[in-house]
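Turn these sequences into a full structure, and let the hints steer you where they fit.
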Amino acid sequence: MAKQAPQSDPVQDAPQISAPKHAAAGVPAVLHSLRMAGEQMSARRTLAVLSKVNQPDGFDCPGCAWPEPGKTHTAEFCENGAKAVAEEATERRITADFFAAHPVPELAQRSGYWLGQQGRLTEPMLLDEGSDRYVPVSWERAFEIVAEELRALDTPDGAAFYTSGRTSNEAAFAYQLFARRLGTNNLPDCSNMCHESSGSALTETLGVGKGSVSLKDLYQADLIIVAGQNPGTNHPRMLSALERAKRAGATIVSVNPLPEAGLERFKNPQNARGLAANGTKLTDLFLQIRLGGDLALFRALNQLVLAAEGGTDEAFIAEHCHGFEEFAAEAKSTDRAEVLAATGLPWEQIEELARLVLASKKIIVCWAMGLTQHRHAVPTIREVVNFLLLRGNVGRPGAGVCPVRGHSNVQGDRTMGIFERPSTAFLDALGREFDFEPPREHGLDSVDTIRGMRDGRVKVFFAMGGNFVAATPDTEVTEAAMRRCRLTVHVSTKLNRSHVVTGARALILPTLGRTDRDWTEAGAQFVSVEDSMGMVHSSRGGLRPPSDGLLSEVAIVCRLARAALGPEDPTPWEEFAVSYDAVRDRISRVVPGFEDFNEKVRRPGGFALPHGPRDSRTFPTATGKANFTVNPLTAPEVPEGRLLLQTLRSHDQYNTTIYGLDDRYRGITGGRRVVLVNPADAERLGLADGLYVDLVGEWKDGVERRAPHFRVVHYPVAPGGAAAYYPETNVLVPLDSTAEISNTPTSKAVVIRFEPDTGAPVG
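Here the sequence shown is numbered in full-length UniProt numbering, starting from 1 and rising by one per residue.
Simulated from the structure, these hints should not be mistaken for laboratory data. Just so it is clear, CB atoms sit at the ideal spot from N, CA and C, and this is done for glycine as well.
Derived lysine to aspartate or glutamate pairs resembling DMTMM-like cross-links, with alpha carbons at most 25 Å apart: (1) 361 <-> 351; (2) 362 <-> 325; (3) 362 <-> 319; (4) 21 <-> 681; (5) 216 <-> 264; (6) 246 <-> 284; (7) 361 <-> 325; (8) 332 <-> 352; (9) 362 <-> 313; (10) 281 <-> 351; (11) 362 <-> 222; (12) 700 <-> 757; (13) 332 <-> 204; (14) 362 <-> 615; (15) 332 <-> 309; (16) 332 <-> 319; (17) 700 <-> 338; (18) 362 <-> 352; (19) 362 <-> 309; (20) 3 <-> 91; (21) 281 <-> 264; (22) 700 <-> 637; (23) 600 <-> 581; (24) 281 <-> 222; (25) 71 <-> 599; (26) 361 <-> 314; (27) 600 <-> 57; (28) 246 <-> 222; (29) 362 <-> 204; (30) 3 <-> 123; (31) 600 <-> 433; (32) 3 <-> 548; (33) 700 <-> 455; (34) 361 <-> 313; (35) 362 <-> 264.
Distance ranges between label pairs, derived from CB positions: (36) 272 <-> 47: 16 to 24 Å; (37) 641 <-> 3: 43 to 51 Å; (38) 435 <-> 519: 25 to 33 Å; (39) 572 <-> 22: 53 to 61 Å; (40) 504 <-> 140: 15 to 23 Å.
Right, here's the structure in full:
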């Protein structure tokens with residue numbers, strides 16, 4: 001019997017609060033995983049699908065991009081991975097009857113959690129102009145509708161082609177090829193909203209916009225600094241790697257405005273020791289930094305390293321680096337008072353970390369959104385690179401930069417050309433392979449796409465996966481912009497908020513998921529993904545698809561391309577749609593590192609992409625060397641009576657997908673509309689624990705942005721800061737408040753004030 005979806009939205013008015021936890025995983029994680037899987041699937045299906053997650057002959061987890069170890073466990077998944085798999089492999093189904101019973105205005109009043117719980121989409125659906133209900137449409141008619149709208153544009157730049165990180169390498173390559181054959185570089189993606197700052201800083205300083213370390217490096221490190229990242233919720237399998245590093249002798253330092261259970265202690269459910277005992281203490285030194293203070297911290301560390309006798313690797317700097325003198329002069333002039341004000345840390349604690357640094361030969365710095373979503377995010381990451389270059393910690397085993405990516409294959413999509421600012425070399429190679437002249441003008445990223453829709457320049461929005469409306473900033477502006485489009489199209493496995501905030505016409509195109517078997521006329525197909533550390537491997541699902549009418553992402557792109565570009569386009573779209581080997585052959589001739597792609601991807605474990613800084617200490621930068629940079633100290637300014645808000649995930653969500661209403665590690669159950677406030681700040685502002693308030697954003701444009709009905713929770717966040725879950729608080733993030741250079745929304749630096757709860761609807 002098919003699993004039944006919930007028919008009503010759960011009430012979130014009274015979340016229950018208990019003390020935060022101080023350890024992650026263990027027996028509760030196992031039980032919670034099995035319970036949530038059981039809600040979506042039968043026991044037999046659960047066993048069949050979970051046994052194939054992240055296995056060499058199975059499928060890549062649709063959750064995070066953390067790499068697999070060389071030798072996988074029988075259960076090579078984490079709690080949140082199990083939730084992600086259960087949501088995709090669910091036995092719940094959405095058919096035409098569901099849409100007939102639920103008009104779009106009604107669905108728009110539902111929570112994202114409720115929408116996601118309804119199950120897998122099973123057939124293409126059309127919302128026609130003037131209608132209030134989606135109705136079934138054939139694949140042929142759906143593609144023709146998109147083609148008609150594209151042909152009606154004054155310019156190809158009137159369309160934007162968004163990509164979620166779960167898209168496979170093969171689908172992403174075909175997708176960007178289609179957009180560029182059409183004539184546009186409007187290829188925004190989810191990287192624009194998360195690690196764009198990392199890519200910008202690393203490309204400038206090291207020449208490669210990716211991390212330089214492997215799992216093996218983590219196991220060999222002397223010191224691992226985890227800054228602005230919560231692996232216990234966002235990348236739980238990373239905890240196993242940190243545990244192994246710790247047992248090999250590594251010291252672990254965590255730098256974060258909130259204490260996080262996963263970095264305190266890890267109870268590894270893969271072994272008896274982790275299940276039965278207290279687990280492994282991971283963090284040796286916790287620096288509870290103020291929001292936005294990381295640049296000042298690394299600047300202070302650099303000053304202390306420069307002042308220490310023998311603190312720098314002079315030979316490495318002389319041979320491989322550029323700009324050292326200018327950087328060193330600036331770092332030496334660092335004002336201690338500025339550092340203390342920006343970080344909120346005692347100087348003695350910074351000195352303690354500096355002593356650990358000077359005692360370590362191999363250092364890795366890991367980071368995530370806590371560093372990338374600030375106005376000064378790119379300078380902050382450049383300063384992290386300065387810190388590593390000082391002691392030669394790039395291109396050395398056990399050392400390097402480790403930006404920890406979110407979505408599975410978000411890094412691979414960028415490698416495949418999903419980028420609004422492609423390199424000349426990539427476009428040249430693409431043009432040679434397919435005998436055309438690709439567009440050279442830079443396209444629109446995610447923020448600029450919203451501006452383009454808002455201003456009427458972008459009329460067709462096409463999304464390959466994801467939940468654009470819920471993932472992006474300034475929710476009211478974004479939704480109004482989306483509604484100005486002529487056509488919005490979403491290739492999806494499940495229902496989400498973006499399907500009910502539409503253009504004049506809208507299409508939902510259901511697709512195969514990672515867990516689904518993919519058969520074509522040419523036989524069984526598989527796809528490939530790239531993990532957060534540059535390893536490429538295959539992924540093949542084994543479940544029968546939710547309906548016989550589903551198409552793969554590759555097939556959807558190729559059939560749409562043929563409809564839009566016409567029979568005269570020489571690209572062999574039909575061949576690509578049925579043989580992914582044919583797509584990989586073309587990738588092998590366009591993308592460096594993918595030579596002999598079809599042969600290498602069939603090897604157990606896949607293959608590593610080349611990385612000059614890591615492999616040979618060669619730096620493909622403008623100077624031909626690793627670049628030291630000068631990054632003036634800066635910190636967010638917060639007026640009196642206000643706090644600086646960071647948006648974050650609960651433990652029961654992954655990006656915009658909400659699995660449940662609990663945040664077990666933070667002691668919050670049954671609700672998501674909570675704001676975490678330091679008790680001292682709460683007393684100063686008159687915010688009693690349990691008080692309900694509206695959060696009101698403040699920015700220089702003077703526009704009031706309000707998130708209503710949030711319960712105040714006294715919580716040990718760093719003074720001056722607050723925290724609340726997204727997407728509920730994305731409404732507070734101004735569209736034009738973005739990071740310098742990368743244009744990433746500043747979701748970790750929102751100035752807010754608190755007002756009495758107005759009783760306004762809580763969309």
